[in-house]
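Novice: Given the sequences, and given the hints that come with them, work out the whole structure.
Protein chains: 2
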Amino acid sequence: MTPACIIDEARLKDNARRMASVADTAGLTLRPHVKTLKSLEAAEIYAPLSSPITVSTLAEAQAFAQAGYTDILYAVGLTPNKLAVINRLLHQEIRLTVLIDSIAAAQMLATQADKLTATLHVAIEIDTDGHRAGVDAQSDDLLRIAAIIDGSATLSLSGVMAHAGASYGAFDNESRQHFAQQECDKSLLAAARLEDAGYSLSMISVGSTPTALSGITYEGVTELRAGVYATFDCVMAGLGVCQYNDIALSVLTSVTGRQADKGWVLIDAGWMALSRDTGTASQPLDCGYGLVCDENGTLLDGWYVQQTNQEHGIIVHRDGLIPDDSQFAYGTMLRILPIHACATAGQFNDYHVTTDNVHVEKIWQRINGW
Amino acid sequence: MTPACIIDEARLKDNARRMASVADTAGLTLRPHVKTLKSLEAAEIYAPLSSPITVSTLAEAQAFAQAGYTDILYAVGLTPNKLAVINRLLHQEIRLTVLIDSIAAAQMLATQADKLTATLHVAIEIDTDGHRAGVDAQSDDLLRIAAIIDGSATLSLSGVMAHAGASYGAFDNESRQHFAQQECDKSLLAAARLEDAGYSLSMISVGSTPTALSGITYEGVTELRAGVYATFDCVMAGLGVCQYNDIALSVLTSVTGRQADKGWVLIDAGWMALSRDTGTASQPLDCGYGLVCDENGTLLDGWYVQQTNQEHGIIVHRDGLIPDDSQFAYGTMLRILPIHACATAGQFNDYHVTTDNVHVEKIWQRINGW
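Top line first, the protein sequences correspond to chains A and B. Its first residue numbered 1, the first sequence is counted upward by one per residue in the UniProt record's numbering. Its first residue numbered 1, the second sequence is counted upward by one per residue in the UniProt record's numbering.
A hint or two may mislead.
If several chains are the same, the list does not tell them apart, and a pair holds so long as it fits within one copy or across any two.
Dumping the calculated EDC-like pairs for lysine to aspartate or glutamate here, alpha-carbon to alpha-carbon at most 16 Å [to be verified]:
hint, residue 1, residue 2
1, Lys-262, Asp-324
2, Lys-362, Glu-44
3, Lys-262, Asp-127
4, Lys-262, Asp-136
5, Lys-262, Asp-129
6, Lys-262, Asp-319
7, Lys-13, Asp-246
Quick caveat, the hints were computed from the structure, so don't treat them as lab data.
Specialist: If you want it as structure tokens, here you go:
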């Protein structure tokens with residue numbers, strides 16, 4: 001029944017191999033971010049049980065810990081109201097690392113540290129591109145945060161973490177290498193300052209899909225994080241980080257009708273299925289809410305989802321072609337390539353997995369919520 | 001734990017009373033659209049068990065039928081691959097009405113009609129404003145569709161349905177009345193043509209929140225549909241259909257940090273919690289990804305969520321004020337009013353319900369998926 005979220009397992013495996021090879025070549029540990037698909041079954045392909053992982057919610061942390069993952073980085077700035085769940089996770093004898101970037105957060109942790117039932121690892125987030133969170137690698141706060149963490153018996157300073165989010169605006173590999181190198185340099189600078197102050201660090205963690213695939217050598221860092229590379233999406237293809245036919249996730253939809261005078265094909269995938277993400281609007285090729293493929297995943301050149309309501313999508317052709325029964329008869333099934341796979345996948349509770357793009361062989365579950 | 005979705009039950013009840021009063025005054029049946037909250041517990045307030053309802057997915061239809069609702073309109077153009085579920089619903093002895101707008105869809109239904117185990121009611125969607133789906137009220141197709149439906153023993157033509165979606169762009173009540181009257185006039189024209197052709201109709205269904213609250217008399221139609229009025233949101237407030245303090249849904253979030261030099265407050269509600277909807281971007285007051293309130297729901301003047309990543313939001317002040325510890329200390333909880341309540345609610349599996357804006361008294365479940 002449509003809409004449904006389809007995963008092309010062969011492409012997922014190819015994408016996983018590509019990133020694993022990057023990490024191998026650089027001699028780095030790969031710590032995949034499981035936030036795109038949030039699925040234990042999917043993770044078997046790109047983040048097997050022995051792998052360290054990154055999570056975006058404590059719901060993911062709990063599900064993956066329950067499944068046997070033992071090294072988990074929760075890569076969103078910790079808040080006080082999450083400590084009870086953090087403590088429950090520590091009961092499971094995993095190595096759990098949380099992220100902070102302020103003296104206030106360090107003080108909160110120090111105040112609560114005697115309630116922790118096992119060692120909680122703490123990484124300090126470094127701001128390398130002014131994109132979001134993090135402290136400056138050269139700031140006094142960096143050393144003050146470290147001192148506060150180091151003063152608590154149940155807290156262990158594991159190191160530093162950076163995310164070069166600004167690389168999502170970098171349209172050529174030279175720019176992406178610039179962001180990647182900057183991410184490394186500032187992370188290494190922060191780590192050096194901490195080590196000079198006497199702290200021993202086990203984690204210097206960097207990564208984003210665009211920087212990780214840019215081909216720098218990553219000397220000195222300990223691990224690479226990335227997430228959306230597993231499925232890729234139109235934003236990544238628009239940046240040139242992948243090709244459209246690398247995209248491993250799509251939304252199966254049915255044609256509900258046409259408004260021929262306007263050149264519209266109506267489908268039963270609106271923003272509830274595709275998400276409201278319009279991340280390619282600022283790219284040279286605006287793909288609207290997604291590019292249109294036939295039922296077996298072959299791109300239909302020029303057709304894209306231009307508008308969405310909750311359960312309605314409107315497909316048009318870039319050059320104004322009028323859709324007809326040959327491609328868009330009532331009831332025809334199509335597949336829509338996602339603008340932003342993390343957002344589109346987030347609209348579903350499960351995935352329909354195919355290896356031949358004809359049959360659905362299995363269903364994978366997704367871990368939603370927080 | 002944050003982020004969480006909060007419902008202010010007192011406001012929900014006020015909003016429900018307001019729409020019920022509109023329907024009462026006009027002498028119309030109200031058929032609430034349950035697509036915003038998709039919750040049986042919430043529906044007890046604005047769509048009690050005896051009420052006809054509108055649904056946006058068959059998952060909603062199944063849950064509400066199971067709970068005892070007996071008159072359900074599935075208001076998205078039907079596709080062939082949904083017939084098996086439709087047939088399972090008919091086993092429950094409910095009055096189920098589906099929507100079609102083409103000869104192809106009517107033919108599909110007629111071909112499959114002998115497999116139906118009970119009468120399936122069919123409404124024809126009328127396009128009253130060129131906004132989305134539907135046939136023209138004056139078209140030949142209208143009568144041809146009716147004839148096809150009428151020719152099948154298990155299909156029953158119930159009438160016509162229209163949705164004045166273009167009213168979401170109407171910033172004054174006069175324009176909304178125009179769209180409302182146009183929606184009525186064209187629906188009544190279509191109904192008259194069908195009745196002249198000998199069909200007896202039980203449903204002339206119109207509605208959208210902006211048109212339903214515009215104050216026209218609705219003479220001749222049988223029922224009014226609307227959905228987002230139950231919670232309202234920043235889009236509706238921006239149109240002038242409600243006030244900001246009517247909004248009954250918000251996202252509870254925590255401050256994770258600040259970047260003082262940029263005037264940023266970072267919070268743990270990103271687009272995964274707030275949705276990617278930026279529906280006020282085309283309105284005079286762009287509220288970004290949501291307006292900021294304190295923990296108890298009082299608006300903090302000028303503060304709004306300007307940027308989002310998956311689990312990070314960035315709050316700024318409209319006039320560039322620098323956030324400080326007085327309002328935005330690390331760990332402070334805030335509430336974000338949604339841009340589009342249907343989209344924000346869709347990001348959650350449940351709601352935390354409060355009547356006093358201090359305590360959470362109960363949890364309501366949401367019906368996600370299709």
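Novice: Evaluate each hint against the coordinates.
Specialist: Hints, one by one, checked against the model:
In this assembly of identical chains, the alpha carbons of Lys-262 and Asp-324 lie at most 16 Å apart only when taken from the same copy (12 Å versus 51 Å across copies). When the C-alpha separation of Lys-362 and Glu-44 is checked against a cutoff of 16 Å, the pair qualifies only within one copy, where the shortest distance is 14 Å, while the shortest distance between copies is 37 Å. Within a single copy, Lys-262 and Asp-127 get their C-alpha atoms only as close as 48 Å, which misses the 16 Å cut-off; across copies the closest is 13 Å, which meets it. For the homomeric pair Lys-262 and Asp-136, the shortest alpha-carbon distance between copies (13 Å) is at most 16 Å, but the shortest distance inside one copy (52 Å) is not.
Taking the shortest Cα distances, Lys-262 and Asp-129 sit within 16 Å of each other only across copies (13 Å), while inside one copy they are farther apart (44 Å). With identical chains, the CA atoms of Lys-262 and Asp-319 are at most 16 Å apart within one copy only, with a shortest distance of 12 Å there and 42 Å across copies. In this assembly of identical chains, the alpha carbons of Lys-13 and Asp-246 lie at most 16 Å apart only when taken from the same copy (10 Å versus 49 Å across copies).
Comparing the model with each earlier hint shows no violations; every hint is respected.
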